[in-house]
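**Student:** This is what each chain is made of:
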Amino acid sequence: MDAAQKPLFEFLLRQGDNALVLGHRTSEWCGVAPILEEDIALANMALDQIGQTQLWLGYAAEVEGAGRSADDLAFLRDVYDFRNLLMLEVPNGDFGRTQMRQFLYDAFQVPWLTQLQNSTDTRVAEIAAKCLKEALYHLDRSSHTVIALGDGTAESNKRMDEALAFLWPYSGEVFVDDETDHAMATAGVAPLLSEIKPLWLETVQTVLVQACLTLPEGDYAQKGGRTGFRHTEHLGHMLAVMQTLQRSYPGATW
Amino acid sequence: MYAQMVKSTGKGVQSRNEMSPEDRAFQDRIDRGEKIEPKDYMPPSYRKTLIRQIGQHAHSEIVGQLPEGNWITRAPTLERKANLLAKVQDEAGHGLYLYCAAETLGVSRDELVEMLHSERMKYSSIFNYPTLTWADMGAVGWLVDGAAIMNQVPLQRTSYGPYARAMVRICKEESFHQRQGYHIMIRMAKEGTDDQKRMAQDALNRFWYPALMMFGPSDKDSVHSAQSMAWRIKINTNDELRQKFVDETVPQAEFLGLSIPDENLRWNEETGHYDFSEPDWSEFFDVISGNGPCNAERLSARRKAWEDGAWVRDAMLAHARKAQNKSKAAE
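From first to last, the protein sequence lines are chains A and B. For the first sequence, the numbering used here begins at 1 and goes up steadily by one. For the second sequence, the numbering used here begins at 1001 and goes up steadily by one.
These are calculated hints, taken from the structure and not from any lab test. Just so you know, not all the hints are guaranteed correct.
As the list claims (entries may be wrong) - Derived DMTMM-like pairs (lysine to aspartate or glutamate); straight-line CA-CA distance at most 20 Å:
id	chain 1	residue 1	chain 2	residue 2
1	B	K1322	A	D94
2	B	K1304	A	E155
3	B	K1304	A	D94
4	B	K1322	A	E233
5	A	K158	B	D1314
6	B	K1304	A	E28
7	A	K223	A	E173
8	A	K158	B	D1308
9	A	K197	A	D219
10	A	K130	B	E1079
11	B	K1328	A	D151
To be verified - On the chain A side, residues computed to face chain B include the following (Cβ under 10 Å):
id	residue
12	H24
13	E28
14	I40
15	A43
16	I50
17	G51
18	L57
19	F75
20	G152
21	L245
Please read all numbers here as calculations on a predicted model, not as lab measurements. Glycine residues also receive a C-beta, built at the ideal position from the N, C-alpha and C atoms.
Given only the sequences and the hints, what does the whole structure look like? Please build it.
**Tutor:** Take a look at the structure:
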C-alpha cells in the first residue's frame, strides 16, 4: 500500500469496524429478546451489519493489497488496530440502551451514507448506496422504538433517560475530524464529519422530544475508538470471543 | 421431530360406533383428505391435541435458538456468522408461524409461553444438549434439522390447514439449514485439519443418539400415536421415520469419512434397511422429564429473557394505547 492509499484504508476500516462491532453486539441478543418479533428484528439488524462489514472490509483489504481478506481483518487484528466508535463496543446493557445506541448510530449513518453516495471513489459510492437502503429502515425502526419506550411508562422513560445519559459522552467522538477525515474530504471521498453533525443533531432532537426525553447538557466526549488510540476495556473481551477459532487454529479453513 | 410424545385422548382410536354424528362427519372429512380450517367443527380432543403438538413444536423453535446462539458470537468467518444468524432468525420466524397457527385454535401466544415457563408444556429433548465446538453447528444442521425434516415433510399434508401451510414454508427453510450444516461438516471432516476432523467426529458421537431420540420412543404400543394418526396430525410412526433417517444419514456419514458410534450398525440385505442400536431410552425419559444436561439452563434463559423484557412489552403497550387515545380524541 503506498502512502497515498493509507488514509483511504484507514477510512474503510472505520466504516467496516463500526459495522462489525455493532453487528457482533447486536447478535448477542440472539434468542433472549423481550419478544419474539424483536428476536427476529435484532437478528436481521445484526445480519445487515455483518453484510456491510463484508463490503467495507473487503474493499479495505483490496486497497491494502497485502493479501489479507475481510476475514483476516476481522479475526486477526488486535484491539489497537480496530477503528470503530467506542459507543458500539461498550456492552449492550438492557434492551433500551441497545435501542438508544442503535438510534444514535442510525441518525448518523443516514446523512453520512447519503453523502457518501456522491463520493469520487465509485466503490465507496456503491457500497454507501447499498448500506443506505438498510440504514433508512434501521433509523425508522430505532426511532419508533426509542419514542415508544421513552413515552411508554414511568419505568421505561427512566431507563431510556439513563441509556441516553450513559451513551451521550460516547457520541462526541463521532464528529471530531482528524487528518484522515481531512484527507478524505480533500480527495472528495467523504464529507467532513463536522458537516454531518447538525443533520444528526436535528434528527436526535426531533425524536427525543417525541420520546419525552431531554438532550443531555454536558459536551464532554469520550474519544479514542475511531482513531484506535484508546479503546475501552470491553473491546478486548469481545475480540477474545469473536476471534477464538481463528486464533486457536491458525490456518484452518471453516 | 420437534413434537415428541404428544398426548391425545389416551384411550386409543375411537371407533365409528362410539362417535357422535358430528364426529363421524368430521372423521369422514379427514379420511377424504380434506383440510380442517379454524372455523370448522372439530372434536374438542382434536383441538386440544393439536394445541399441544403445535405449541410444543413452536416452543422447540424458540428454545432451539439457544444452542446455536451459543456460537453466533464465535463463528469463525463473516460468512459463517451471517449464515448462522440467518438460520437462527429463520427459527424464530418458524416459532412465530407456529404460534399463529396455534392461535387459530383459540389459545394465545402468551398463554402458551406461560405454559412453557411453568413446565406444563414441553419442547424437543434435543435442545437440552450442549453445543461444545464449532463442529456442533455442523452436526446440529446436518442431524437435527435433518431429523426434523423427516417429520415435517409429511406434516405438510396434515389435516389441519393452518398447520399444514406453516409447515410448507418451514420445510423449505429447514432443508436449506440441513445443507448448510452438512457443508460445515464437509469443510471440517473431509477437507479440514486433524483438529477439525477430531471435532467433527466428536460432534457426531455426541449428537447421534440424541438425534435418534428426536423421533420419540417406539410408538407401536402408543394409544396417543394411533389416535393422532387417525386424525392425520401424525402421518408416520416414530419407527418408520427413525429408520428413514438412519438409512439416509449413514451414507452421508460415510462420505464424510466419519464413523457412526454404533457397533451394531450394518446394512440388512433382507429388509433393505440398516440395522442399528436403539438409543438409551432411560436417558431420553430423563431429558424429557427435565433432567437433561441443559434443561435448567435453557428454561432459565427463556424465563430470564421474558422477565427482563417485561418492562419493554409494558411500555410498548402503554405507548400504543396512548397513541390510540390521541387519534380517538382527534376524531
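**Student:** Confirm or reject each hint.
**Tutor:** Consistency of the hints with the structure:
A C-alpha spacing of about 24 Å is found between B:K1322 and A:D94, which places the hinted pair above 20 Å, so the restraint is violated. For the hint pairing B:K1304 with A:E155, the CA-to-CA distance comes to about 18 Å; that is within 20 Å, so the pair holds. Straight-line distance between C-alpha atoms of B:K1304 and A:D94 comes to about 12 Å, which keeps the hinted pair within the 20 Å bound. Only pairs whose Cα atoms come within 20 Å are accepted, and B:K1322 paired with A:E233 is rejected, the gap being roughly 41 Å.
Taking the CA atoms of A:K158 and B:D1314, the gap is near 14 Å; set against the 20 Å cutoff, the hint holds. The straight-line distance between the Cα atoms of B:K1304 and A:E28 is roughly 15 Å, inside the 20 Å bound, and the hint therefore holds. A distance of roughly 5 Å separates the Cα atoms of A:K223 and A:E173; the hinted pair therefore holds under the 20 Å criterion. This hinted pair checks out: A:K158 and B:D1308 have alpha carbons roughly 15 Å apart, not beyond 20 Å.
For the hint pairing A:K197 with A:D219, the CA-to-CA distance comes to about 13 Å; that is within 20 Å, so the pair holds. At most 20 Å may separate the alpha-carbon atoms for a hinted pair to count; A:K130 and B:E1079 meet this at roughly 18 Å. With a C-alpha separation of about 18 Å, the suggested pair B:K1328 and A:D151 falls inside the 20 Å cut-off, and the hint holds. Proximity of A:H24 to chain B holds as hinted, the smallest CB-CB distance being about 6 Å (cut-off 10 Å).
Annotation: interface hint on A:E28 holds; nearest CB of chain B at approximately 6 Å, less than 10 Å. Annotation: A:I40 was flagged as interfacial toward chain B, and the flag holds, the nearest CB pair being 5 Å apart, inside 10 Å. At a threshold of 10 Å, the smallest CB-CB gap from A:A43 to chain B is about 4 Å, leaving the interface hint in force. Because the beta carbon of A:I50 sits about 5 Å from the nearest beta carbon in chain B, less than 10 Å, this interface hint is met.
The interface hint given for A:G51 is met, as the beta carbon of that residue sits about 7 Å from the closest beta carbon of chain B, less than 10 Å. Among the interface hints, the one on A:L57 holds; its C-beta lies about 8 Å from the nearest C-beta in chain B, closer than the 10 Å criterion. For A:F75, the shortest C-beta to C-beta distance to chain B is roughly 7 Å, which falls under 10 Å, so the interface hint holds. Contact between A:G152 and chain B, as hinted, is supported at the beta carbon level, the nearest pair being about 3 Å apart and thus within 10 Å.
Interface hint at A:L245: satisfied, since its Cβ lies 4 Å from the closest Cβ of chain B, which is below the 10 Å cut-off.
Hints 1 and 4, counting from the list given before, are not met by this structure.
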